[in-house]
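If you read the sequences in order, they're chains E and Z. Quick note on our numbering: the first sequence kicks off at 11 and runs consecutively. Quick note on our numbering: the second sequence kicks off at 107 and runs consecutively.
Hints in this document: simulated from the structure, not taken from any laboratory. There's no promise every hint is true.
As the list claims (entries may be wrong) - Examples of chain Z residues lying across from chain E (beta carbon under 8 Å, computed):
hint	residue
1	Leu138
2	Ile141
3	Ile144
4	Ala148
5	Val153
6	Leu188
7	Thr189
8	Tyr191
9	Pro197
10	Ala202
11	Ile204
Said to hold, decoys possible - Coverage of chain E stretches by chain Z, computed from C-beta distances (three or more under 8 Å per stretch; other residues unrestricted):
hint	stretch
12	31 to 42
13	68 to 76
14	123 to 130
For every residue, glycine included, the Cβ atom is placed at its ideal position computed from N, Cα and C.
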Amino acid sequence: MTVGAFVFYLFALVTVGSAAVVVLARSLIYCAFALLFTFFGVAGLYVMLGADFLAATQLLVYVGGILVLLLFGVMLTHKLYDLDLRSEVTQFWPGLAMAGGLFLVLTATAVKAEWMTASPRPPAPTTEAIGQLFLGQFLLPFEAASILLLVALMGAAMIVRRKKDA
Amino acid sequence: MIGLTHYLVVSAALFSLGVLGVLTRRNAVNVLMGIELILNSANINLVAFSRFGAGNLNGQLFAVFVIVIAAAEVAVALAIVLTLYRLRRTPNLDEADILKG
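Please work from the sequences and hints to get the whole structure.
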């Protein structure tokens with residue numbers, strides 16, 4: 011087994027294993043910290059795929075933003091003296107059957123399909139090319155995404171604001 | 107040699123685990139974590155196809171858009187969960203049944 015394959019299996023194990031903890035752990039705090047390791051594993055897979063800019067973005071946005079936001083969500087939706095923060099599981103076996111079937115179908119498709127793959131290019135820095143594409147060919151979706159983000163954040167602030175006159 | 111199929115299988119496992127989380131959890135924040143797993147698995151697929159496929163960066167650009175959507179989605183969803191918690195004193199989704207006809 012080459013070093014590249016070993017590193018891939020390591021990152022895949024970290025990603026899938028900690029994702030399983032996210033789904034199966036009883037304590038919400040354990041779930042949140044396992045999610046941290048899942049995001050790190052996915053960032054590692056991005057590096058393996060030669061997507062350096064995306065790996066950095068994954069760490070900045072997911073670990074620095076979304077995970078912190080989720081932790082705030084955990085803290086704010088429980089009473090502070092309630093330290094164990096349990097999360098209950100319902101309808102486990104039907105859900106497991108659904109998810110297992112889905113995994114089998116997806117894996118069978120991925121293995122059986124004839125993918126038109128080209129031989130991968132040697133990894134090169136992608137940041138400049140991505141910047142050129144965002145401000146060139148993909149300018150309109152870029153602007154639309156930025157406006158969507160602005161509207162969503164303003165809407166979120168509007169929803170949670172306590173109304174003074176209510 | 108690690109090829110496209112390896113990444114697709116990892117992504118399929120991540121997606122299935124996310125679906126399992128969405129289906130079986132009662133806590134709304136935990137369901138959001140499952141949705142994050144699903145979005146991440148879609149991103150792995152996009153980047154893998156971008157690497158092994160056509161030879162341009164469009165897949166990675168699409169993944170950046172997915173990350174933007176995920177940030178917007180989690181902000182709005184947490185706002186809704188917080189409002190629900192203020193109204194009903196519960197983070198559990200199945201107790202949010204005031205809209206029942």
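> Holds or violated: is the Cβ of Ala148/Z closer than 8 Å to a Cβ in chain E?
Replying inline: It is violated, given that the least Cβ distance between Ala148/Z and chain E is near 11 Å, above 8 Å.
>> Quick check on the hint: Val153/Z CB to chain E CB, less than 8 Å?
In response: holds, 5 Å
> Can Ile204/Z be said to touch chain E, with a Cβ gap under 8 Å?
Replying inline: This hint is violated: Ile204/Z lies away from chain E, its Cβ roughly 16 Å from the closest one there, beyond 8 Å.
> Once the shortest beta carbon distance from Pro197/Z to chain E is found, is it less than 8 Å?
Replying inline: Because about 4 Å separates Pro197/Z from the closest Cβ in chain E, which is inside the 8 Å limit, the hint holds.
>> Three residues or more, CB to CB closer than 8 Å: is that satisfied between the stretch 31 to 42 of chain E and chain Z?
In response: holds (count 5)
> Was the hint right that Thr189/Z lines chain E, CB cutoff 8 Å?
Replying inline: Because about 6 Å separates Thr189/Z from the closest Cβ in chain E, which is inside the 8 Å limit, the hint holds.
> Per the CB criterion, is Ile141/Z less than 8 Å away from chain E?
Replying inline: violated, 11 Å
>> Quick check on the hint: Tyr191/Z CB to chain E CB, less than 8 Å?
In response: Hint on Tyr191/Z: holds, closest Cβ of chain E at ~4 Å, below 8 Å.
> Do at least three Cβ atoms from the stretch 123 to 130 of chain E come closer than 8 Å to Cβ atoms of chain Z?
Replying inline: holds (count 5)
> Quick one, is the Ala202/Z hint okay against chain E at 8 Å, beta carbons?
Replying inline: violated, 12 Å
>> Quick check: do three or more residues in the stretch 68 to 76 of chain E have a beta carbon closer than 8 Å to a beta carbon of chain Z?
In response: holds (count 5)
>> Interface hint check: Ile144/Z, Cβ to nearest Cβ on chain E, cutoff 8 Å. Holds or violated?
In response: violated, 10 Å
Against the hints set out earlier in the document, violations occur for numbers 2, 3, 4, 10 and 11.
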